[in-house]
Amino acid sequence: MAAVTSKGQRLWNRMLVATVFVLVIVFLAPLYWISSTAFKPRSLATTVPPTVVFEPEITPFIKLFTRRVQMRGEVDPEVYEEAEWYEKRVLDAGERFIKDADGNIESSGYWSRFLNSIIIAVTSTFLAVAMGTLTAYGFSRFRMPGENDWLFFILSTRMLPPVVVAIPMFLMYRAVGLVDTHVGLIILYTAFNLSFSVWLMKGFIDEIPTEYEEAALVDGYTRMEAFFKIVVPQTATGVAATAVFCFITAWNEYAFALMMTNSKAQTAPPYIPSQLGSGITDWTVIASGTFLFLLPVAVFTFLLRKHLLRGVTFGAIRK
Amino acid sequence: MAQIKLENISKKFGRQTALSDLNLDIADGEFFVLLGPTGAGKTTTLRLIAGLDAPNAGTININGENVNEYSAAERDVALVFQYYSLYPHYTVRQNLEFPLRSKVRRLTEQDISASVARAAKTLRIEHLLERKTDKLSGGEMQRVSIGRAIVREPRAFLMDEPLSNLDAKLREILRAELKDLQMKLGATFLYVAHDQVEAMSMGDKIGILCDGHLVQVGSSQDIYNRPRDTFVATFVGSPAMNLFDATLSNGKAVVIPGSLEIPTSGEAMNHLRERAGKVKIGVRSEDILLDSSGPLEGRIHGVENHGVEKVVTLRVGELLLRATVPARTVLELDSPIRFAFNDKKLHCFDAASGQNLIFGD
Ligand SMILES: Nc1ncnc2c1ncn2[C@@H]1O[C@H](COP(=O)(O)OP(=O)(O)OP(=O)(O)O)[C@@H](O)[C@H]1O
Ligand SMILES: [Mg+2]
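Chains as they are written, first to last, in our numbering: chain Y, 1 to 319; chain S, 1 to 361.
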């Protein structure tokens with residue numbers, strides 16, 4: 001960067017900084033809203049104007065994982081005395097757990113939905129990245145007739161908005177019994193992500209000089225061994241970037257999850273809003289569910305941030 | 001070890017012909033140098049032998065066996081690439097071990113570490129073994145590349161300008177080491193050089209490649225003293241051979257009528273006495289002798305000092321000739337000077353085809 005900057009440039013820089021600042025606020029505000037609501041007492045969740053300073057509590061999360069009913073009247077002091085700390089929190093809020101015959105607290109559906117989300121997003125990401133990398137390697141290293149047409153065909157699967165195929169997909173899924181199964185959603189998300197994965201990975205693999213693999217071939221390795229020992233480690237950055245994007249897509253997908261699943265394989269996105277309807281809406285519970293739902297993507301992205309940065313600027317950084 | 005034979009090899013990349021009808025015969029234990037200008041097809045030749053590309057026509061034989069259908073791994077040759085091909089995510093040691101860990105070899109850990117230690121010692125890279133390869137200098141990388149070839153015992157070594165990125169001093173040392181290594185192993189080497197000094201000093205045999213054709217194969221003396229055509233004559237030697245037009249008639253080669261005429265009675269030109277017509281005469285710079293009683297006269301146009309010798313540019317009419325003289329010769333710019341050609345060492349080429357008329361076949 002030049003040491004001497006003209007007045008105009010400085011003004012320009014300031015405007016840029018200001019713009020970025022405004023954008024950051026615009027993007028972070030909803031995030032702050034949902035995170036803070038997740039820790040609010042229910043009474044403060046809907047105040048106007050919004051409450052900014054409050055004592056955070058964990059009650060919404062306890063409520064999130066359990067089934068409860070509104071109590072009529074006061075709580076029996078004896079019951080209150082014997083209750084565990086988490087039960088007390090709920091009783092304080094004027095609700096009580098629904099228990100089964102053995103006295104165990106019944107859990108809400110959230111945890112199993114969350115697990116479904118993880119299983120489906122992780123598996124479909126793995127499949128999309130693995131198949132995408134192999135396909136991209138083939139396109140990058142071998143010449144074949146109509147290569148560009150094939151690549152275009154792969155891309156074209158993303159040109160229609162997915163909802164257009166929703167009804168035929170649903171009918172097909174129903175016919176083969178894939179509705180409300182993990183496999184069904186995994187196939188669907190893998191297919192969504194595959195074209196993206198192929199294109200992104202091809203860009204990364206094209207950057208790797210072929211000499212590396214050729215040296216391995218001459219050194220006595222097969223093409224497959226060369227691919228796994230040389231190409232894959234070399235393109236770790238590309239794999240990481242592609243994986244993050246595929247994971248986010250699969251994790252956040254709403255429309256198909258809503259349509260294709262209802263209980264067994266339901267993921268978190270359609271589940272969270274389904275809680276809006278039952279009884280009087282407890283926004284703190286919705287917020288805590290959303291807050292937990294945001295965490296995996298944040299963690300995943302954070303772990304791979306180094307690769308992501310290179311992934312976004314790929315081609316620009318070269319040895 | 002192995003003998004390599006290429007028969008009628010052609011290789012095209014799309015419409016571009018990289019090699020056409022190439023025949024090459026490398027004996028067992030020979031140090032064969034392939035020399036040629038950029039784009040001549042040297043790398044392509046090595047890649048075909050290594051099995052990284054397939055020829056459009058022709059056969060490749062190793063030890064008398066047609067290996068056209070063999071994979072690179074099955075051919076069991078080592079290749080040092082022109083550009084770095086060290087695995088960047090490995091250390092130097094892992095790079096050296098890599099060829100030994102191939103499933104086709106099945107070596108014990110002891111054998112592997114012994115081979116790595118031996119190669120590292122030969123190339124003096126022992127202190128670098130634990131270093132990541134992207135933290136090496138260009139010269140160190142090239143040593144490691146060579147090391148990766150010599151850790152195992154392949155049937156032949158193919159090296160694509162392995163010394164091109166080194167400074168002159170290191171290059172000289174490594175040149176000697178490689179030559180030494182080849183003698184010690186008795187290995188077959190096919191070595192691509194860009195630099196003729198390298199080719200001359202290392203090769204048992206040199207093949208000159210130009211535009212995908214093998215122009216001449218021979219010992220370094222052969223190539224230097226008996227160039228088959230004007231391309232070889234000017235490509236090999238520094239400064240380049242002086243080459244000028246002349247007309248043969250009446251037992252004389254007339255370059256500039258009256259002032260530069262060469263009688264064909266000399267040893268080299270002798271059997272061209274009967275010939276007439278346009279030719280090109282070639283004289284190496286060291287075969288122009290400054291001699292106060294010489295038959296020819298010119299002016300001193302320029303002098304370059306090269307240390308042990310000087311290269312003098314002489315001007316005769318419009319013609320510039322470069323001569324090598326001992327450094328202590330006193331020369332004054334623009335002064336007239338007499339000189340002679342060493343008539344045993346004159347070359348004469350056909351003006352149209354460029355073929356050597358004296359040593360041609
Ligand atoms: N993969 C390729 N695709 C298209 N053309 C190629 C390819 N590889 C080589 N060529 C062409 O073939 C010819 C010979 O190339 P080659 O690399 O063998 O030259 P070289 O003698 O090794 O040159 P240099 O001394 O510059 O390394 C060149 O004209 C080159 O452009
Ligand atoms: Mg080359």
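Hints are computed from structural coordinates only; laboratory data are not their basis.
Do not rely on the hints blindly, as some may be mistaken.
[What the hints assert, rightly or not] Chain Y stretches covered by chain S per the calculated footprint, using a threshold of three residues with CB under 8 Å from any CB of chain S:
# : stretch
1 : 211-220
2 : 230-242
[Unchecked claim] With a Cα cut of at most 25 Å, we get these calculated SDA-like pairs of lysine to any residue:
#  : chain 1 : residue 1 : chain 2 : residue 2
3  : S       : 344       : S       : 243
4  : Y       : 229       : S       : 243
5  : S       : 135       : Y       : 264
6  : Y       : 229       : S       : 179
7  : S       : 252       : S       : 135
8  : S       : 135       : Y       : 69
9  : Y       : 264       : Y       : 69
10 : Y       : 229       : S       : 317
11 : S       : 135       : S       : 168
12 : S       : 12        : Y       : 211
13 : S       : 252       : Y       : 69
14 : S       : 132       : Y       : 69
15 : S       : 179       : S       : 139
16 : S       : 5         : S       : 27
17 : S       : 132       : Y       : 264
18 : S       : 252       : S       : 211
19 : S       : 132       : Y       : 308
20 : Y       : 229       : S       : 74
21 : S       : 310       : S       : 296
[Claimed, not checked] Listed next, with one range per pair, are the computed distances between beta-carbon atoms:
#  : chain 1 : residue 1 : chain 2 : residue 2 : range
22 : S       : 211       : Y       : 146       : 31 to 37 Å
23 : S       : 10        : Y       : 228       : 33 to 39 Å
24 : S       : 172       : Y       : 138       : 41 to 47 Å
25 : Y       : 146       : S       : 138       : 30 to 36 Å
26 : S       : 240       : Y       : 148       : 57 to 63 Å
27 : S       : 138       : Y       : 156       : 53 to 59 Å
On a predicted model such as this, the values are computed, not experimentally measured, just so you know.
For each residue, glycine too, the CB sits at the ideal point set by N, CA and C.
Here's how the hints hold up against the structure:
Counting residues of the stretch 211-220 of chain Y whose beta-carbon sits less than 8 Å from any beta-carbon of chain S gives 9, enough to reach three: the coverage restraint holds. Coverage of the stretch 230-242 of chain Y by chain S holds [criterion: at least 3 residues with CB-CB distance below 8 Å; count 3]. Our distance criterion of 25 Å between C-alpha atoms is met by residue 344 (chain S) and residue 243 (chain S), whose separation comes to about 16 Å. Between residue 229 (chain Y) and residue 243 (chain S), the direct Cα distance comes to roughly 54 Å. Violation of the 25 Å bound is thereby established for this hinted pair.
Only pairs whose Cα atoms come within 25 Å are accepted, and residue 135 (chain S) paired with residue 264 (chain Y) is rejected, the gap being roughly 53 Å. Distance hint between residue 229 (chain Y) and residue 179 (chain S) is unfulfilled; the C-alpha atoms sit about 33 Å from each other, more than 25 Å. The suggested pairing of residue 252 (chain S) with residue 135 (chain S) is violated, with an alpha-carbon distance near 64 Å, which exceeds 25 Å. A C-alpha spacing of about 66 Å is found between residue 135 (chain S) and residue 69 (chain Y), which places the hinted pair above 25 Å, so the restraint is violated.
Simply put, residue 264 (chain Y) and residue 69 (chain Y) have alpha-carbon atoms about 24 Å apart, close enough for the 25 Å limit, and the pair holds. At most 25 Å may separate the alpha-carbon atoms for a hinted pair to count; residue 229 (chain Y) and residue 317 (chain S) exceed this at roughly 66 Å. For the suggested pair residue 135 (chain S) and residue 168 (chain S), the alpha carbons sit about 22 Å apart, so the restraint of at most 25 Å is met. Restraint check: the Cα-Cα separation between residue 12 (chain S) and residue 211 (chain Y) comes to about 20 Å, which is no more than 25 Å; the hinted pair holds.
Note on residue 252 (chain S) and residue 69 (chain Y): the hinted pairing is violated, with a Cα-Cα distance of about 122 Å set against a maximum of 25 Å. Restraint check for residue 132 (chain S) and residue 69 (chain Y): the C-alpha separation of about 63 Å exceeds 25 Å, so the hint is violated. Simply put, residue 179 (chain S) and residue 139 (chain S) have alpha-carbon atoms about 18 Å apart, close enough for the 25 Å limit, and the pair holds. At most 25 Å may separate the alpha-carbon atoms for a hinted pair to count; residue 5 (chain S) and residue 27 (chain S) meet this at roughly 8 Å.
Annotation: proposed proximity of residue 132 (chain S) to residue 264 (chain Y) is violated, straight-line Cα distance about 50 Å (limit 25 Å). As the CA atoms of residue 252 (chain S) and residue 211 (chain S) are separated by approximately 35 Å, the hinted pair breaks the 25 Å bound. Of the pairs offered as hints, the one joining residue 132 (chain S) and residue 308 (chain Y) holds, with about 23 Å between alpha carbons and a cut-off of 25 Å not exceeded. For the hint linking residue 229 (chain Y) to residue 74 (chain S), the alpha-carbon distance of about 19 Å falls within 25 Å, and the restraint holds.
Taking the CA atoms of residue 310 (chain S) and residue 296 (chain S), the gap is about 20 Å. The hint holds against a cut of 25 Å. One distance hint, 31 to 37 Å for the beta-carbon pair residue 211 (chain S) and residue 146 (chain Y), holds here, with the actual separation near 33 Å. For the hinted restraint 33 to 39 Å between residue 10 (chain S) and residue 228 (chain Y), the CB-CB distance of approximately 35 Å keeps it satisfied. Between residue 172 (chain S) and residue 138 (chain Y) the C-beta distance comes to about 45 Å, which sits within the given range of 41 to 47 Å.
The supplied range of 30 to 36 Å is broken by residue 146 (chain Y) and residue 138 (chain S), whose beta-carbon atoms lie about 41 Å from each other. The given range of 57 to 63 Å is broken by residue 240 (chain S) and residue 148 (chain Y), whose C-beta atoms sit roughly 47 Å from each other. The hinted range of 53 to 59 Å is not satisfied by residue 138 (chain S) and residue 156 (chain Y), whose Cβ atoms lie roughly 45 Å apart.
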